[in-house]
Amino acid sequence: MKSPKILLITILLGALFTLSSCQTYKSYEAMSFDYFDTVTTIVGYEKNQKAFNERFTMIDNALKKYHRLYDIYYEYENLNNLCTINKNAGIKSVEVDQEIINLVKYGIKMYQSTNGMMNIAMGSVLKLWHDAREKALADPLNAKIPAQDDLLLAQKHMDINKVIIDEEKSTIYLEDALMSLDVGALAKGYATEQVAKMLEDQSLNSYVLNVGGNIRLIGSKPHDELWHIGIQNYDLTSDNDNLATLALKDLAIVTSGSYQRYFEVNGIRYHHIIDPVSLMPKNDYVSISVIAKDAGLADALSTALFNIDIEQGKTIIEQFSDVYVMWVSSSGQITYSNQFTDFMI
Amino acid sequence: MKMKALIKKHLLEIIIIGSILLIALLALLMINLAMPKGDYVVVIYDKVEVERYPLTAEISKNLSYEDNHYNYLIIKDGKAFILQASCPDKICVKQRPISKVGQTITCLPNKLVIKIVGKTSTVDMVS
Chain A
1 MKSPKILLIT ILLGALFTLS SCQTYKSYEA MSFDYFDTVT TIVGYEKNQK AFNERFTMID
61 NALKKYHRLY DIYYEYENLN NLCTINKNAG IKSVEVDQEI INLVKYGIKM YQSTNGMMNI
121 AMGSVLKLWH DAREKALADP LNAKIPAQDD LLLAQKHMDI NKVIIDEEKS TIYLEDALMS
181 LDVGALAKGY ATEQVAKMLE DQSLNSYVLN VGGNIRLIGS KPHDELWHIG IQNYDLTSDN
241 DNLATLALKD LAIVTSGSYQ RYFEVNGIRY HHIIDPVSLM PKNDYVSISV IAKDAGLADA
301 LSTALFNIDI EQGKTIIEQF SDVYVMWVSS SGQITYSNQF TDFMI
Chain B
1 MKMKALIKKH LLEIIIIGSI LLIALLALLM INLAMPKGDY VVVIYDKVEV ERYPLTAEIS
61 KNLSYEDNHY NYLIIKDGKA FILQASCPDK ICVKQRPISK VGQTITCLPN KLVIKIVGKT
121 STVDMVS
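Line by line, the protein sequences are chains A and B.
Residue numbering for the first sequence follows the working numbering, beginning at 1 and increasing consecutively.
Residue numbering for the second sequence follows the working numbering, beginning at 1 and increasing consecutively.
Rather than coming from a laboratory, the hints here were simulated on the basis of the structure.
Honestly, I wouldn't trust all of these hints.
[Claimed, not checked] Covered, in the sense of this in silico footprint (three residues per stretch, anywhere, with C-beta under 8 Å from a C-beta of chain B), are these stretches of chain A:
(1) 139-147
(2) 299-311
[Claimed, not checked] Here are the simulated distance ranges between beta carbons:
(3) 61/A - 37/B: 19 to 29 Å
(4) 99/A - 76/B: 40 to 50 Å
(5) 91/B - 178/A: 41 to 51 Å
(6) 235/A - 100/B: 49 to 59 Å
(7) 198/A - 64/B: 46 to 56 Å
(8) 178/A - 26/B: 57 to 67 Å
(9) 335/A - 100/B: 18 to 28 Å
If you're wondering where the values come from, they're calculated on a predicted model, not measured in any experiment.
Where a beta carbon is used, it is the ideal one built from N, C-alpha and C, also for glycine.
Chain B with its partners taken away, still in its complex shape (with noise of 0.2 Å):
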């Protein structure tokens, strides 16, 4: 009973929370399908990036910048992830793969970043 009234008497407060997080919800979902598919994948070591591949490209590679410590990174069907890893948490592995502008992977132990871009150039088809 106590409850009821409780919803009764904030009801106005609860009907403006639950819209506000439906639409910060709907516009996250949108946002997120309207996000435009990248052109390269770059790898950040520590701050700095050292590789870019194309995301069109079908590549296996062994991404080692300090001993014993790697990330395999497969770029695949226009997506790109990390195979497999020496890192103790395994994040970065579990981690989906990426496609979209600004999406990346992160493997904190190793200091890695992969991240996706768009093409800075104005050409209308790369050959």
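Isolated chain A, as found in the complex (with noise of 0.2 Å):
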């Protein structure tokens, strides 16, 4: 009597393991708008809404904690941040987290690999920007660029030898009291990286971060497709919404674009990247974009790009393995470093 029950059990369990294998993984996407000043678009495959939202929060509050650690703008209850180590230049050293730490020091470093064209130390320069592109925001009718005189005073005040970093006491200080870090070019495609690195140790597959144009993606997509990121057309009337198409998995990219945060003064447009030597924004290039392992070191890369020009940059690169660049010039002309091409599709 026992056995067709048994054998009743074994098919309606092996049924219904069959309709659960087959059950396929679908695309779900959320925004968030709370972080690093910019917008952060999350895609991943999931069987359904509820494990993607639990993975969203997952990554959500871990932006979170990066972005409270390196906000320049604001402190936050029981916590130091790069606003407290900027508030107490040339007052002391303050005690910060170990991301803080790790954060400074990868600056520090791409600062060197750059020759300076990356600057995490140039904030009174930026500042002045920052302050003027807010302004043109809230009254476009009397918006201004920095003054010259101005410019040139916050130039005496980025030397990054002054950020002395105590490893063993886990403190940071900054020696001139009227310098100020500003990790804008650095921190979104760092902190992009480290939520990414998290994800991939717990094994995580089919993943798309993109914190304000800070893109790492984590595994392929389902069945091992590659994942089909575009590259903006700067020419945002055309009908090609994208220059580029590319094929990619695990890799990160980032562009650098100077469509996407400006201001005008008569006429005359001023994006955000500001050249550590002229302090002015250079209108060389449109947009650069860079594809690389880590997201650090593309958000970084694509700034120090931007100041620099196109043989420069091909040394700049070089140091490192895996680094493929795409140059958009401001005339529209496109540059690609050795193997960007091998990406595109």
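Hints in hand, dock the two standalone chains.
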């Protein structure tokens, strides 16, 4: 009497397994506007909305943590962050989380690798531009660029050697009272990379993190299919949304563009990437896209490359393995570094 | 008394009309909530698309296509709105910020329409 019952249960269980293995992964998407002064988009393949929502909450919390640590504009209760370090410039060293030490150390390393073309210690200059841009957003008719005298004065206070890190005590001290850290060229990519690594440690697959254009791919799409990533066409009225489409997995791609964040004064456009030498936005390129394994590296390089010519840029990227670049000049001319085109479809 | 009798006589009609209105209201609310967020802010001047910006941008831009006529467009935090304008009625300035596909801000005096559209390409993400 018992065996038919067992048979029935086996068949039912078998059917259930077959059904569940057929259950397909669907693509889900969620956005947040709270971090790093930009838009964050998360795409992930999951079996259902609930599973995705749980992951999204986790990713969102992780980004929130980095956003607070790397915030240069606001302080938070019971937390020493970059804003705290800046406030105490010339006064005292500040004990901070290891994640801040790691970011600042990476910033100094990237300063050296880019011959100073990406400088996290140029907060004094960037603040003048940031204030001008904020004022322009609030009152466009009276928009102004920073005064040359103010810029030259600020330039005297961007010496990265005056960022003193004490790893044993876990402190950072800015020796110059008038200097400040601004990690805008690095923090988004760096934080994206840390969150991606956390997800990879959990063996997560088939997710994309996009923090304001800092894209980090985690694995591939289901069934080993590659992600298709478009590089935005700077000519936004064109019929083609994308200048190129790339097929990628596991990598990071970051685009810095002069069309993404800017203000206008008398019809002249001033974008947000400030050249540490001229202290002005450079208008050689409309966008530079960098593919790398590390989103922090891609972010830092995309900023640094904006401030130098293509030949100098090629010398800089030679230091790194697996870095591929696409430069789009202001006249629309496109230059690729070796092998970038291999990813194009 | 007369009113009560009237209501009683037309109770069925009142219920039917009431439910239709309620359903319409709910549908409107649901359509509004379900509308996808857009990808681009399109500027249309005199029926022709003249500019297009990513909705993720942070931009302040003077849209001026005729002498002494202007609308100051701001794109910030995934929303677009008109901050200042030369038009006499300022209706465009009073509009709420727009962010969802199909939403528009119109400035009739300046023949200007700001419209939110979605992307047409089929990539997974855009950098």
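Query - Hints violated by the structure (listed by number, smallest first) - result: 2, 4, 6, 9
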